[in-house]
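All chains should be modelled from the sequences, with the hints used to inform the complete structure.
Keeping their order, the protein sequence lines are chains A and B.
Under the working numbering, think of the first position of the first sequence as 13, with each following residue one higher.
Under the working numbering, think of the first position of the second sequence as 376, with each following residue one higher.
One thing to keep in mind: the hints can contain errors.
[As the list claims (entries may be wrong)] What the simulated footprint calls covered on chain A by chain B, stretch by stretch (three residues with Cβ under 8 angstroms from a Cβ of chain B suffice, anywhere in the stretch; the number is not a length):
{"id": "1", "stretch": "78-86"}
{"id": "2", "stretch": "193-199"}
{"id": "3", "stretch": "202-214"}
Derived from the structure by calculation, the hints contain no laboratory data.
Yeah, the Cβ is synthetic: ideal placement off N, Cα and C, and Gly gets one too.
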Amino acid sequence: MNIAVCVKHVPDPNLPMEMDGTRLKRAGVQGVLDPGDEFGVEAALQIKEGHGADVTLVSMGPEASSEALRRGLSMGADRAILVSDGALEGADALATARVLQRAIERTKPDLVVAAVESTDGYTGTMPAALAQFMGWPQVTFATQVEIKDRTLRAHRQTTTGYHVVECELPVMITVTAGINEPRYASFKGIMAAKKKPLERLALADLGLSAVDVRPAQEIVELSKAEEHRSGQVIVDEGEAAGRVAAFLREAKVI
Amino acid sequence: MDFDLADEQHDFVRSLRSFVDDVIRPRAEAWDESHELPLEAVEQMASLGLFGLPFPERYGGSGADFLTLCLAIEEIARVDSSLAITLEAAVSLGAMPIYLFGTEEQKSRWLPPLAAGEALAGFGLTEPGGGSDAGATRTSARLADGHWLINGSKSFITNSGTAITSFVTVTAVTGTRDGDKEISAFIVPTGTAGFQVGKDYRKMGWWHSDTHELSFSDCRVPEDHLLGSKGEGFRNFLRILDDGRIAIAALAVGLAQGCLDESLRYASDRTAFGRPIGSFQGLQFKLADMAMKVELARGAYYRASWLKQQGRPYRKEACMAKLFASESAVDVARDAVQIHGGYGYIEEFPVCRHFRDSKILEIGEGTSEIMRVLIARELGLTGS
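Here it is in C-alpha cells:
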C-alpha cells in the first residue's frame, strides 16, 4: 500500500506571529513541521507498522520546507517530494491542491492523509480541493482510523460525538489533532533520514505552468481577532448573589 | 573554528526538547515526591534510543558520538536531574566499562539490553571508607575453584537496585603488584548469592534516582566475569571517570540552564513596586552573571568532548569543565531561589528541587577538591 501525507513547513506557532501586509511573515522566522501534520505522519506510520506501507511525504513551499520533510522522514516516513517554484509564491489553497495532486499522483497512492487545516493559513479548504482533483471520496475530521483489506473505517469527530464511517480505498482523509501521540524523532531516525530520498520538483516537472496556479482568491484585508474581554469581577458586599443572578438572567441562562 | 553543532545533533536536541517538555516536565515533581525511579520514564527515554546513544548499532546502539550523549543529558537535566543522572550513570558508568573493556562475548551478552534501556547496570567503585581515593579499595576478590570470591562493600551506587538492574561492575583488590594494591573489575549479576543490595539512601536531592549501598559476602561469580585484564581495574576506571566528568558537566549545565530559564520567566512575570522585578538592575546583574556561567560552562564541556573525540589528551579540560560547571550550577541554582524569593523555597517551583539537586554535582564523580588536585597535577605541580 502507498500512503501520501501532505505536510507543510510553517512559522513556529510558539513564536509571536508577524504580518507582512496581508501575508504572514516567513522570512527569517524559525519554521517547523506543522504540528497538525505530525498527527498525519504518525497515523500513516501506524498503518505502515500494522499493514506494511510505503509512506511518502509531499510538500509545496520554498527550499526551507525540506526541514519539515526531514523531520517527518526522521519520524519514519520512507521518502519525500518537495515542489518548489518561484511561480508558486503567494499560491492559494486551490493552487496548492492542484500542485499537490500532480505530485501525489506520481506516488500511486491508495490513501492520502492531511491535517484538517494548517497552523498558518487555517483555510481548511486544501484537503477538500485535493480530494476533488483526485476524484476521490474524502473522510474528514478523523479521530481514529483502521484499515481492513481495502476498507478504511474511521471515527469522524462531530460536535456531540462521532460518526463511524467506512469507505473503500482509495480515499483522502483529514485527521484531527489528538488522533494519536506523534512519536519523537530518535537519533537513529534522524541519521537514517539523511539517506532517504527527497525529490525536488518544479512546476514544469508536474506539467503545470504559472497560469495553472494563479490565485483564485485575493485577501483584501486582514484584521486582528477581537481579544477575549476579561470577565466581570463581583466583590461580595452583601448583595453579590443578587448581582450574579441578575447577570445570569441577562445572559438568559436562568 | 566551528562552534555549530552538526545538523543531526541540532535536530536531535530539538526533538528531545519537545519530549522533555511534553513527557518529563509535567511529571518531574510527582516523580520526585515518590522517591523512586519511575521505570515508565526509563522506558520512554529508551524508546528514543537514549541508553544506547554512543554504542555501535551491532550492540543495539545509535552510533552517536560522546558529545551527543552529553547533549541529551543536558536537555533532560534542564527539567529533571534525577532522570539525567540515571541516564548518565546507565551509559557512561554502567554500560561503558563493558563496551570499552569487555571481551566480545561479554559485550554481546550484557550490552544490548543496556543499550535498549531494558536493563540498567551500576558501577561499584566508591566504598564506605573512601571515594576519591580509589586506590584505598578494601573490597577483595580471590580466585578459588574457577570462581571469584568477592568480599566487601560499596557506597552510593546509582542504578544498582532497580527492578531492571542486571548487574553491577565492582572493583576489588586481587593481590599486590610492586608493593601496591592490584585492582581488578568484576561483573556481578543481580541476584548472585552473597550480593546484597541495601536500602535506598535518604538523599538531599536526586530523590527519584536509584542509589544503594551494596555488600558482598563470599559472593561467587564465574571466572569469566572478570572485566578487562586482571590488575587493570584501577587504570581502566580512571578512564571511565574522565569521561564521566564531562557528562556530569553537561548535567550541571542543564540544571543551570533550567534555573536561568525559570528565573527569567519569573523576573518578567513578578512585579514589585509597580514593575517587573526583572527591570531592577540588581536582579539584571544577577541574571547576567547566571547566563554567563551557563554559557562558559557549556563551552567548557563542548571543548572537552571535542578533544576526547579528536583522540587528544583531555583530562585537564574534563576536570576543568566538571569543576566549573558544577560550581556554576550551585551558584546559579542558589541565585535562582533568591530571585524567586519565598516561592523558591517551596516544592511547587522547580528551582527549589534544582537547588537541592545541585549540591551533589560538586561531590559526585570526583569532588571539587579532587578536581583541583588533578588540574594542579596536569600543570606539573607535585606534592599533593
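Structure-based check of each hint:
| no. | hint | verdict |
| --- | --- | --- |
| 1 | 78-86 | holds (count 3) |
| 2 | 193-199 | holds (count 5) |
| 3 | 202-214 | holds (count 3) |
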